[in-house]
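For what it's worth, this note's numbering labels the leading residue of the sequence shown as 40, then goes sequentially.
Take every hint as true, because none was put in to throw you off.
Straight-line Cα separation of at most 27 Å, DSS-like style, residue types lysine-lysine; simulated pairs:
id, residue 1, residue 2
1, K380, K325
2, K123, K325
3, K438, K351
4, K325, K382
5, K123, K301
6, K406, K325
7, K351, K382
Just so you know, these hints were derived from the structure itself, not from any lab. Quick caveat: nothing in here was measured; it's all calculated off a predicted structure.
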Amino acid sequence: MAWQRLGDILHRLTGLAYEVIDLAAQNQPQGTRIGAQLLSLGDITEEQLATALAEQSGLEFLADPVVHSSATELLNRLPIGYAKEAGLIPLERSDQVVRLAVVDPYRAQIKNDIAILSGCCVEVCVVTPRVLLQIIHQGYEALAGEAQDVIEDIDQNAELDFSESLEPIDLIDASDEAPIIRFVNSMLTQAYKERASDIHIEPFEHDLVIRYRVDGILYEVLRPPHRAQASITSRLKIMANLDIAEKRLPQDGRIGLRIAGKEVDIRVSTLPTAFGERLVLRLLDKSGGPNSLESIGIDAQILPRVEAMIRKSHGIFLVTGPTGAGKTSTLYSALSRINSKEKNIITVEDPIEYQLPGVGQIQVNTKIDLTFAQGLRSILRQDPDIIMVGEIRDSETAKISVQAALTGHLVFSTLHTNDASGALARLVEMGVEPFLASSALVGVLAQRLVRTVCPHCREAYTPDPALLRELAGEAPLNTGQIFYRGSGCEQCQQVGYLGRSGIYELLEVDDALRQLVTANADAATIRQTALSSGMQTLRQAGLRKVLAGETTVEEVLRVTQEEG
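Make the full structure from the sequences, and use the hints.
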């Protein structure tokens, strides 16, 4: 095949005008290729350039490459730093041929390097830089040793070194030989891969137990040697910039790192116990952002009413539920929904979990007396339209929030109550005058998180009749109704559930409820009135998800047991 200019190929493949190509060539910096110049100007995409380079060099273009297990041995010998710098990754090895994915097919040296390293012939294909980086992370993430594999090294090493410098930018790039450093890196990487929200490191008299919280449930995963406890604790405290010499007082810190190219923020809490310091690490993937109100599980039945509440000009909108029920995530979704250039939105949070574009976010800092109440007072002097208070914890914050709502601000916040009706009574208990609480509140959304059935091993099943009888009072069950559960597979770690979704109970504060609150009615009376007005309970919301095949009867009863 005759040699073709890259510009001719791009013109034929994409319809790019020759005038555009010529103009890019005239302004092309020295040492820059025409393809890179067109890409930087936005005239072509990465995929178009990679396709054209593959055609020009007579190679195959791969849009969705896969790293096969046959390449594992070669990956083990190839440093990840070199793979990223050279823009290559071995995909598979068969007989005497290595199949290699590259970004630049004209870098002959990298082909020679792999041929020498493997002792094989090298067959090259072309991928985009974005796809290459993705599969490099996937390939090396699979290689990253499980924490359990490192425990044997800890046992065999008399001297446990933990004092090396902090991690490189990405944990997968780490090549430390010290067993404790490798163990901690593997533990964090494994927790991230298994979607853990928390890591619990718990010392006992003769044991050290490590548990991961996945989809709200704690699972024991590791038992390192007890003698490694102090070294593991010190290593994590160094990473979190905590005082390793202070073992008698609780401490809080944070670790910011990257795992498989994703930014992960880890909050570290230490607590002295009878047998050493107990650590809890909260993992937050910062590479994503707030989900939409639909994707967090708010169903179509109540979504329009939630939308109406969060778009009001003033008042308080509360989200309630226990710790870990996803309250803050719901508020983030609501703020993202109404965020616009015309609104001044300011939040005071502890901690700031996501960065919201265009929103002023304040981090609570009790060391300098920057509390929710103090932050809220300062926010009111910043001419806000919408305020988010991470949590109403005390009387002072409650009173300022109500006052802000009554003076023309829309206030979002969270409360720790079991159901929506309990929020009204709770505000009064915190010292807010009943008539003020009833005037300020526009709505309360109570929520829980239920685990969703794994789609990879989903199967029909018949629930225990006793459990069905317990749910039957909430809504009629059709004869022959099919129920689903997960049988357990590799995708869900043999648990049968994969991910979580919210169930919600929405209380709209109408005139009847305002009269009850003003009369200082208790939560039970408020709840009964709301139910008679058609409020859907948490258990009813859960049952709707059961009937839709999204979760199980057992799961709904587990998270709504206080309603039984």
